[in-house]
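Chains as they are written, first to last, in our numbering: chain D, 1 to 260; chain C, 1 to 318.
Everything labelled a hint here was simulated from the structure, so no lab data went into it.
Worth double-checking, as some hints may not be accurate.
[Stated by the list, open to error] Selected chain C positions facing chain D (Cβ under 8 Å, derived; list incomplete):
no., residue
1, E66
2, R88
3, R91
4, E92
5, L98
6, E100
7, T101
8, G102
9, N104
10, D106
11, L107
12, R115
13, F116
14, G118
15, Y119
16, Y120
Glycine included, each C-beta is placed from N, C-alpha and C at the ideal position.
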Amino acid sequence: MNPLVLAARESGNLLRSLWRNRSGAFFTILLPVTFLVLFGSINRNGTVQLVPHGPQISYTTFFTPGMLGMAIMASTFTSLVIVLTVMRDNGQLKRLRGTPLPPWAFFTGQVVSRLVLIAAEAVLVLGLGRLLFHVSLPPSATAWATFALVALLGAATFTAVGVAYTRLVANADSAPALTQAAFLPLLFLSGAWFPISGLPHWLSSLANAFPLAPMLDGMRQALIFGHGPGAIWPDVRNLLVWLAVGLLVALRTFRWERAT
Amino acid sequence: MLRTEARRAAAPSGRGGAAIEARGLVMRYGDREVLHGIDLVVPHGMVLGFLGPNGAGKTTTVEILEGYRRRSAGHASVLGMDPASGGRELRERIGIVLQETGHNPDLTVRETLRRFAGYYRRPRPVDDVVGLVGLRVSADRRVRALSGGQRQRLDVGLALVGDPELVFRDEPTTGFDPAARRQAWKVIGGLRELGKTILLTTHYMDEAQALADRVAIIQAGRIVAEGTPAELAAAQQVTEVRFTLPADAVAGDLPRVSGAVATRGRDVEVATKDPTRDLLALAGWAANRGVGLDGLTVTRPSLEDIYLNLTSETGEAA
Numbered sequence: 001m002n003p004l005v006l007a008a009r010e011s012g013n014l015l016r017s018l019w020r021n022r023s024g025a026f027f028t029i030l031l032p033v034t035f036l037v038l039f040g041s042i043n044r045n046g047t048v049q050l051v052p053h054g055p056q057i058s059y060t061t062f063f064t065p066g067m068l069g070m071a072i073m074a075s076t077f078t079s080l081v082i083v084l085t086v087m088r089d090n091g092q093l094k095r096l097r098g099t100p101l102p103p104w105a106f107f108t109g110q111v112v113s114r115l116v117l118i119a120a121e122a123v124l125v126l127g128l129g130r131l132l133f134h135v136s137l138p139p140s141a142t143a144w145a146t147f148a149l150v151a152l153l154g155a156a157t158f159t160a161v162g163v164a165y166t167r168l169v170a171n172a173d174s175a176p177a178l179t180q181a182a183f184l185p186l187l188f189l190s191g192a193w194f195p196i197s198g199l200p201h202w203l204s205s206l207a208n209a210f211p212l213a214p215m216l217d218g219m220r221q222a223l224i225f226g227h228g229p230g231a232i233w234p235d236v237r238n239l240l241v242w243l244a245v246g247l248l249v250a251l252r253t254f255r256w257e258r259a260t
Numbered sequence: 001m002l003r004t005e006a007r008r009a010a011a012p013s014g015r016g017g018a019a020i021e022a023r024g025l026v027m028r029y030g031d032r033e034v035l036h037g038i039d040l041v042v043p044h045g046m047v048l049g050f051l052g053p054n055g056a057g058k059t060t061t062v063e064i065l066e067g068y069r070r071r072s073a074g075h076a077s078v079l080g081m082d083p084a085s086g087g088r089e090l091r092e093r094i095g096i097v098l099q100e101t102g103h104n105p106d107l108t109v110r111e112t113l114r115r116f117a118g119y120y121r122r123p124r125p126v127d128d129v130v131g132l133v134g135l136r137v138s139a140d141r142r143v144r145a146l147s148g149g150q151r152q153r154l155d156v157g158l159a160l161v162g163d164p165e166l167v168f169r170d171e172p173t174t175g176f177d178p179a180a181r182r183q184a185w186k187v188i189g190g191l192r193e194l195g196k197t198i199l200l201t202t203h204y205m206d207e208a209q210a211l212a213d214r215v216a217i218i219q220a221g222r223i224v225a226e227g228t229p230a231e232l233a234a235a236q237q238v239t240e241v242r243f244t245l246p247a248d249a250v251a252g253d254l255p256r257v258s259g260a261v262a263t264r265g266r267d268v269e270v271a272t273k274d275p276t277r278d279l280l281a282l283a284g285w286a287a288n289r290g291v292g293l294d295g296l297t298v299t300r301p302s303l304e305d306i307y308l309n310l311t312s313e314t315g316e317a318a
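Excised from the complex, chain D in its bound form:
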């Protein structure tokens, strides 16, 4: 069996089961959309500055990519850690390891099915933002491509980091708490909701050390200012480093069986 076909079938099966158990997708799909509508409406005419003394931009244009970033991290990092630890605890991973399915085909299936979700989410979030709040969209093909590249790279990075993170999660029961403990503070610290230009230097440095703030910044630079990939190199570099470290740790420490 062609491994690429295998990976494609895996993601098809995962999407099918996801669709049948839609309530489970609430966090990843509906929560960011709900927040977008809610906070966008509250702060409809507000403006913010991305950097101190920078140009004023509408809050909704700032906030829309923030919610897409939230969805990306929720559907890669958070949901993946929970799914993998559940599968590790109940023996599904061990069973898969006993079949000829190559590990990378399994992970590709997980990633591709999530990318499909993220793509749907992006259409939903950007479409609603445009429709309700006249949010600006990337002004050129290059800007669109840059936007997509950053989103894709961010998804890949949070996937790798998520797989690596499973090693810190002792069992599936503690997975929701341990992922939220990383997810929620990072969400606020990284400027998904409010600009972090006002943060003290040490705190903004901390924020920029993690991958979420660079991903959000890269998406915003492309979306709002139409920047190409060259202009956001520091963001891309941060994501690449996290991706490499995440992959390395994941490859070295991932466990297919629950600890005994």
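Got chain D sorted already, so can you dock chain C onto it with the hints?
Here is chain C on its own, set in the frame of chain D:
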């Protein structure tokens, strides 16, 4: 026995060596050695019952053979491959049924089987597998809605969908009610008929007796007994002949027998390795006196007794 012989003759031949061959398997975790040199040979087409109490090294041995664990020392060959490096090629040809394994609850039985069938080069048709494990009526139900017993059968189905030559079956009936147990035995009986080689791990001697051609017993990291159930019984134990002394006789009147005679009041117990000859002597003696042997019983200890005996003795020694 006859059935076994016929089946073994029908099993695929022309492949050199046994399905499983382990010599001197040693497993160490740090300083702790848990397997002290396991030898295990399972010819093609055989059902081997692998018994032992918890912590004896049963799971470790099996997981080395399945490729989940790397042995510290010794030789292992599974279908002619080293399980530590057999990888995908080996997994194409084996089926593993683990205990209590989860499923994606939102796929149907058929979808789940089809998904796993896609992992193999030459899968068995999904409808075939559905029938084999008795899930025809539930084939289009979601796994979420299955009973515990049906999920266990799906577990077996997933191990069979690749049409493996060798099946590892871990504790097929632990925690089952008697009806579910019979059903699980039936499924394994079906596998035998297909000529599969099966390594069956179990806690229960009666299960091994009902399903296995040969039995190996592991205790404290060593194989302490190996053979057909009948051989184990013969090698390990004596037959007990019991009766009540006739009213007009005393213990000194009894004929000479090969076994050890013990009396308690008027109850006589002869523990013998040659029950036929001793029974003949005793019955002839009684017939000559014109009396019967009241309450005569001839019992062989059950394999369960033998198993408990073996595992408790060595358990104390360890």
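> Going back to the hint list, which numbers does this structure go against?
Replying inline: none
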